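Undergrad: Sequence:
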Amino acid sequence: MVETLSKTSLQNATLSRVGANDMLFAQDRLTSAYQSGNATFAAGRLIQVLDLGNRAGAIYSNADSGSGSNIGNLYGNTVSSLSDSLDSIINNNQTLDAASINTINSSQLATAINDVNTAASQLSVVLASINNPAAQSALSQPLARQQNALAALNTTLNVLQKEITVNTNNVRTLSPDNLRNVFGYGETQTASQTTSAVQTVTSKYQSAGDGNNQVTDQLKQSIVSLANGQLNPTAMNALKTQDSAQTIDGIINGNAQGNAVKATTNLPAVKESNKPLNIQVGTGNQNVTTTEITSNGSTVKSLKKAVADVEAANKDLSDAVLAVAVAQNGEVGAAAAAAANSRRNSAPTILPTAKAGLIAFFGKHQSVSVEYQYYFRNTNPSFTSGEVTLNYAYYFGGK
1 MVETLSKTSL QNATLSRVGA NDMLFAQDRL TSAYQSGNAT FAAGRLIQVL
51 DLGNRAGAIY SNADSGSGSN IGNLYGNTVS SLSDSLDSII NNNQTLDAAS
101 INTINSSQLA TAINDVNTAA SQLSVVLASI NNPAAQSALS QPLARQQNAL
151 AALNTTLNVL QKEITVNTNN VRTLSPDNLR NVFGYGETQT ASQTTSAVQT
201 VTSKYQSAGD GNNQVTDQLK QSIVSLANGQ LNPTAMNALK TQDSAQTIDG
251 IINGNAQGNA VKATTNLPAV KESNKPLNIQ VGTGNQNVTT TEITSNGSTV
301 KSLKKAVADV EAANKDLSDA VLAVAVAQNG EVGAAAAAAA NSRRNSAPTI
351 LPTAKAGLIA FFGKHQSVSV EYQYYFRNTN PSFTSGEVTL NYAYYFGGK
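Residue numbers (my numbering): 1 to 399.
Source of the hints: derived by calculation from the structure; they are not laboratory data. Since this is a predicted model, take the numbers as computed values, not measurements. The C-beta atom is built at its ideal place from N, Cα and C for all residues, glycine as well. Incorrect hints may appear among the rest.
Said to hold, decoys possible - Result set (DSSO-like, lysine-lysine): computed pairs, CA atoms no more than 27 angstroms apart in a straight line:
(1) Lys305 / Lys315
(2) Lys220 / Lys204
(3) Lys204 / Lys240
(4) Lys262 / Lys220
(5) Lys162 / Lys240
(6) Lys304 / Lys240
(7) Lys204 / Lys7
(8) Lys7 / Lys162
(9) Lys262 / Lys305
As the list claims (entries may be wrong) - Simulated restraints on C-beta separations:
(10) Glu3 / Pro133: 40 to 48 angstroms
(11) Ala151 / Ser225: 48 to 56 angstroms
(12) Gln214 / Asn158: 56 to 64 angstroms
(13) Asp210 / Val288: 37 to 45 angstroms
(14) Asn181 / Thr299: 37 to 45 angstroms
Produce the entire structure from the sequences given, and follow the hints as far as they go.
TA: Take a look at the structure:
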């Protein structure tokens with residue numbers, strides 16, 4: 001499951017970055033159109049804004065957007081489908097918002113981890129019941145390591161769940177309908193479809209280009225309205241989606257130290273010439289920095305590292321339990337053997353016996369005899385299976 005999450009999060013981060021770049025280049029083309037005094041040239045720039053927006057639409061949600069639609073299938077997926085996959089695994093596709101972001105409690109991964117927690121808790125109870133100080137001492141450290149590893153994994157999962165909810169909501173703001181309202185369908189636009197905000201401004205500049213080719217203040221103001229009303233908010237949403245997607249990847253895969261990291265796009269100040277448009281980024285170049293994520297003063301582990309630590313802790317505890325069991329079995333076996341030897345050496349032995357002999361009488365009161373005895377089924381090494389005895393007897397009484 002972790003490998004699936006790792007691959008999906010990387011694809012999601014990559015596509016989100018490509019989509020954000022398209023949006024930033026669209027801002028750049030809009031800035032160029034605003035600064036031009038040639039209506040035809042500006043119309044050409046606005047058409048580029050349309051193309052970039054349509055290509056971004058394909059990346060985000062595979063909308064029917066003309067020639068750029070194949071870009072969204074770079075991995076055979078879109079940002080929307082990849083986001084849904086992550087949301088399904090981590091949050092069980094719950095419909096969440098900011099108010100319910102702290103109430104996430106159902107997911108495939110969370111269920112798996114809960115099963116591990118339950119098993120660990122039950123094992124802890126069993127181990128605590130062992131009435132053997134030496135065994136408890138041997139198991140205390142491996143058990144503590146397992147509990148600490150599970151706690152770290154739960155912290156990572158909690159952070160990941162929240163960030164995926166943020167990402168899911170960011171992607172929803174870039175829905176096909178919202179993108180079509182801003183950009184439309186480019187060359188696939190039909191008369192029956194609503195004209196988008198960018199198409200409306202483009203048509204005005206094309207009409208001016210067909211006339212005297214002059215750019216009026218009214219035309220420039222239409223670009224200002226387009227930038228502040230539609231394009232800039234959409235571009236900012238694209239950057240938020242990129243940051244949340246890269247943060248998800250940073251939580252799952254982590255940095256070189258195995259810690260979870262948060263991605264942030266740093267925006268420069270608005271250039272003086274761009275202030276009417278309030279466009280901060282116009283080159284498509286992004287300055288993204290990462291910082292390690294902390295929780296309650298401690299650095300959060302990446303999901304990969306947290307899962308690996310739990311697996312290692314489980315193995316250490318399993319090995320320790322096995323070693324204690326072997327030692328205890330050895331002690332029990334030695335005690336049993338000692339008891340058996342003790343019983344064998346102290347208990348009376350009764351065996352079937354065959355006996356034969358000769359006796360000779362001397363006078364009236366004396367006799368001498370020779371006897372041979374054989375013990376059947378003798379397994380006691382303390383005496384032989386056969387013996388010969390010489391006996392003398394004196395008989396009192398008589399005449």
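Undergrad: Given the hinted pair Lys162 and Lys240, is their alpha-carbon gap at most 27 angstroms?
TA: With a Cα-Cα distance of about 14 angstroms, the restraint between Lys162 and Lys240 holds, given a limit of 27 angstroms.
Undergrad: Check the following: the C-beta atoms of Ala151 and Ser225 are separated by a distance inside 48 to 56 angstroms.
TA: holds, 53 angstroms
Undergrad: Does 37 to 45 angstroms hold as the CB distance between Asp210 and Val288, or does it fail?
TA: For Asp210 and Val288 the Cβ distance comes to about 43 angstroms; the hint holds.
Undergrad: Need the status of pair Lys204, Lys240: alpha-carbon distance at most 27 angstroms?
TA: violated, 31 angstroms
Undergrad: Quick check on a hinted range of 37 to 45 angstroms for Asn181 and Thr299, using CB atoms only.
TA: 42 angstroms Cβ-Cβ, so the 37 to 45 angstroms window holds.
Undergrad: Per the hint of 40 to 48 angstroms, is the separation of the Cβ atoms of Glu3 and Pro133 within bounds?
TA: holds, 43 angstroms
Undergrad: Please work out if Lys7 and Lys162 have their alpha carbons no farther apart than 27 angstroms.
TA: holds, 19 angstroms
Undergrad: Please verify whether Lys262 and Lys220 have alpha carbons no more than 27 angstroms apart.
TA: violated, 39 angstroms
Undergrad: Need the status of pair Lys305, Lys315: alpha-carbon distance at most 27 angstroms?
TA: At roughly 15 angstroms apart (the allowed maximum being 27 angstroms), Lys315 and Lys305 satisfy the hint.
Undergrad: Do the alpha carbons of Lys220 and Lys204 lie within 27 angstroms of each other, as the hint requires?
TA: holds, 10 angstroms
Undergrad: Please test the hint of 56 to 64 angstroms on the beta carbon pair from Gln214 and Asn158.
TA: 59 angstroms Cβ-Cβ, so the 56 to 64 angstroms window holds.
Undergrad: Lys304 and Lys240 were given as a pair; does the straight-line alpha-carbon distance stay at or below 27 angstroms?
TA: holds, 24 angstroms
Of the hints listed earlier, those the structure fails to meet are numbers 3, 4 and 7, in rising order.
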